[in-house]
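Residue numbers (the working numbering), protein chains in the order written: chain A, 1 to 350; chain B, 1001 to 1316; chain C, 2001 to 2307.
No wet-lab data here; the hints were simulated from the structure.
Even for Gly, the Cβ is constructed at its ideal location relative to N, Cα and C.
Take the hints with a grain of salt, since some may be wrong.
Unchecked claim - Here are the computed distance ranges between Cβ atoms for each label pair:
id: 1; chain 1: C; residue 1: 2221; chain 2: B; residue 2: 1140; range: 23 to 29 Å
id: 2; chain 1: B; residue 1: 1039; chain 2: A; residue 2: 83; range: 40 to 46 Å
id: 3; chain 1: B; residue 1: 1198; chain 2: C; residue 2: 2070; range: 31 to 37 Å
What the hints assert, rightly or not - Computed footprint of chain C on chain B, listed as stretches where at least three residues anywhere in the stretch have a Cβ under 8 Å from a Cβ of chain C:
id: 4; segment: 1079-1090
id: 5; segment: 1114-1122
id: 6; segment: 1161-1174
id: 7; segment: 1252-1265
id: 8; segment: 1291-1300
Stated by the list, open to error - Partial selection, computed: residues in chain A whose CB lies under 7 Å from chain C:
id: 9; residue: 105
id: 10; residue: 106
id: 11; residue: 118
id: 12; residue: 120
id: 13; residue: 121
id: 14; residue: 122
id: 15; residue: 133
id: 16; residue: 135
id: 17; residue: 163
id: 18; residue: 166
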Amino acid sequence: MTRPELSEHASPAALPGTPVLEVDDLHVEFRTRSGVVNAVNGVSYSLAAGETLAILGESGSGKSVSAQAIMGILDTPPAVITGGGIWFEGRDLLQQPAEEQRKVRGPGISMIFQDALSSLNPVYSVGYQIGEMFRAHRGMSKKDAKARAVELMDRVRIPAAKSRVNDYPHQFSGGMRQRVMIAMAIALDPRVLIADEPTTALDVTVQAQVMDLLKELQRDTGMGLILITHDLGVVNEVADNVAVMYAGRIVERGTVDDVFSDPAHPYTDGLMGSVPQVEAKGGRLQPIVGQPPNLAAIPSGCPFHPRCARRRLGAAAAPGKDCAADVPPLRLVVPGREAACHYSEEVLGV
Amino acid sequence: MTDQQQADLRHDEVEAGTQTVLAAPSIDVTNARQNSLWSDAWDSLRRNPLFWIGAVLGLVFVLMALIPQVFARGADPRACNLANSNQKPSAEHWFGFDQQGCDYLANVVYGARNSLIIGLLAVLVVLVLGVLVGAVSGFYGGMIDSVLSRITDIFYALPLILGALVVLRSGTIGRGVVAVAIALAAFGWMTAMRLVRSQVIAVKSSDYVAAARAMGASNRRILLRHILPNAVAPVLVYTTITIGVLIAAEATLTFLGVGLQRPAISWGLQIENGQSLLRTAPHLVLFPSLILTTTVMAFIMMGDALRDALDPRQRA
Amino acid sequence: MGRYIARRLLLTIPVLIGASFLIFAMVYALPGDPIRALGGDRPLAPAVVAQLRDQFNLDDPLLIQYVKYVGDLLQGDFGTDFRGREVLDTIEQRLPVTVKLTVVAIVFEAVIGIIAGVLAGIRRNGFLDNLVLVSSTIVVSVPILVLAFVSQFVLGVKFGWFPIAGINDGWYSFLLPGLVLAAGSLAYVARLTRTSVAENLRADYVRTARAKGLRNRDVVIRHTLRNSLIPVVTFIGADIGTLMGGAIVTETVFNLPGIGRAIFDSVQAQEGAVVVGIVTLMVFFFIFFNLVVDVLYAVLDPRIRYD
């Protein structure tokens, strides 16, 4: 049902099916002793079955926090969800009692994390930890759960699953550990899988294997995949659509091919210029100048304006489009593409 | 390892390189790192009420040891009148009188000096023994380490009070202030040794020491300029707490009848004397106990606060 | 694992020999002539003195005395005191008292310490956390000597809730001394547990457990406490050996006829054979429980492998 990899243009609207997950104007802040940190400031997106949505951004852009808000695993306090909705299968999870939210985690939405070594409990065997999914949500016996764990380990292609089911996380290699995490996450056939930097901690060759596995599982099950990453290469290879986040907001959204080939936001443009590309041999890499924003004191107007080469301030700006004063809304720039920049048309060159 | 530590290490490697190549005299890398550690620690200490309570109590205790006559409200601890025997505390005599009819406040106050001297002296010997044995053991490793570690294990297996009890009872070193301090140190240095040894081993295998070594720094220089400064923080925490522990141990030994002897003035002796009068004159045990506890607490609080300040991982 | 235990046992031997020789040397350097002291006011006949000195090898050089002593020890002979009483009898009679005291102390330490630490660690900076933090600082600071007297006076004399001394009330006699003996370790266990729980609650694998949709009870018990208690359990294990050797003050103040009290009495009476025998036994216990803890560590934490 999803388009094949590396296929040509397909707009988000062209994707079949109703959304399985909709995030609507989500706001999260951290209330610490030294002040309030605005980590997520009005993020909205939707995910269809079988779709892979990449959320791209620097550390501190709010991409992981928004994912943890969806999972309901933010540490509260200090984190507080101050507004918005998370709609899953027709219900707003944020309005559900804690017990209902818990029941969604695993069979409905599940998540894998960056560092599988620290994300797996060192004192339990991997079989126990995978089997826990069946015991907690299906009330299975310990023995049956372990048998299912072996099946899952086979499915994520861990060699000699049967003999390794009682091994502990530290006895596996990095790639195999991430497979264990994946096995755990897909155990109950979730509708949505959130992968938070799933390959960042791995060697390059292993990265590709793990991503291939994720794609294959997605094809088999039709689950929606949210891929949180700062790795443009990974996004390019596996995602259908991409949302670029900056300072807790989505600043650009569209299909991967569109966004990558022709960015509509100066920040995205900067990101594309800061990584080496095979096609552009000999060119110089252009780092984005300045520092990522301090979320306790987000710049007025467009949060990116202090680092933006295209900013227009005061008299140079069009009315109501002063980059330092007016917050640019996320708007449709061209069909299938949204961006939060007053001057996206210039960036696109249309 | 925290990012900060990692950054520090990298900084050290770079500095260690420049130092030798450019023959820059003495901007010691370890100093720079230590400076930031200590100024951070001081910032954190300043904001810790525990530290201030401990410091004020500790200061009172030290002043009491230095100028007891001020705290004793003019009373002479040895001017006694049997007519006053075991009198309860009053407005005139805050702590009452002991069995011999001596002013008890004066006696308790004058007891601070012996406690302080023994505490400081014993901890000094503990440090000398611990740092020396620990540094040698950790730095040279191999056979030397095995032998020294085994010897440490032997002492470690004997409880402090027990070992000191037997040494003091044997009478070979007497029963004075110095003897008690030495007996305590003889069975109390092992933790310091293990602390220093593990620090030395940890730092020895770090990259910046390898870099310094590659640049031809001598053993002595590596040990003195790179390794020992890193052991200072944990040893300082340990030392502060240990002073309190040793002061308590002195009182215990004296109470058991193998520490200080009359006419010396000591909290342990006062508790021992008061013991049999617990029912009729509980203040005789209460006051020295209270002040002994407060003193020990002062050092433990300061040590706790220091640990929180010096160990960034423990910071909230 | 088996090889590790064997190696550790082997390493134990020099420590055991060293510690017993150390105590032996110190004890037999005690001044005064114990044999003459035995006669009291009436001097013993020279022949009797000579015979006693010979019986206790008092005229041999120290090292020879020690070798003879160890030789006897290896055959299960702890020797006799100067009054002809078997040291082993003394140990058999005294050890149960100390064991009971230690058991009571360890139970207090484990139960109260762990519960307090867990409650404090789960709600960090809450009321209970601060209470545990402050009270553990105070308890750690009170010398056992002071604690023994104060509790004896307040709970025993004033309120009469507990027996003041002796062991005539069965286990009940051991409650107060046990609590006193445990106090310092109890405070330490509470702090250790608190730190460990608070640290583990922030661990990535606890976040994973939440993301798996486990019940909160399972997240806390299985994925936080199970991990947090590893250092606590090992500390408590090692503390058994420490407490058995540290009961001198408690047993003296509460007048419990255990081995701590026996050591104290024997040091005073210059009964070398008793002191050396009991101390050697205590060192053995200390080393034994430390070994048990090392093995326990590997059982509790699969990452630890000694081979």
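Each hint tested on the structure:
1. C/2221 - B/1140: 23 to 29 Å: violated, 47 Å
2. B/1039 - A/83: 40 to 46 Å: holds, 42 Å
3. B/1198 - C/2070: 31 to 37 Å: Given about 33 Å between the Cβ atoms, the range holds.
4. 1079-1090: Our answer is that it is violated, as 0 residues pass the Cβ test (under 8 Å) against chain C, missing three.
5. 1114-1122: violated (count 0)
6. 1161-1174: Three-residue rule met by the segment 1161-1174 of chain B, so holds; n is 10.
7. 1252-1265: This one holds; 5 residues, not fewer than the three required, reach chain C with a Cβ under 8 Å.
8. 1291-1300: holds (count 5)
9. 105: holds, 3 Å
10. 106: Status holds, d = 4 Å.
11. 118: holds, 4 Å
12. 120: holds, 6 Å
13. 121: holds, 4 Å
14. 122: holds, 6 Å
15. 133: holds, 6 Å
16. 135: Violated, about 9 Å.
17. 163: violated, 16 Å
18. 166: violated, 10 Å
Of the numbered hints stated above, those contradicted by the structure are hints 1, 4, 5, 16, 17 and 18, listed in ascending order.
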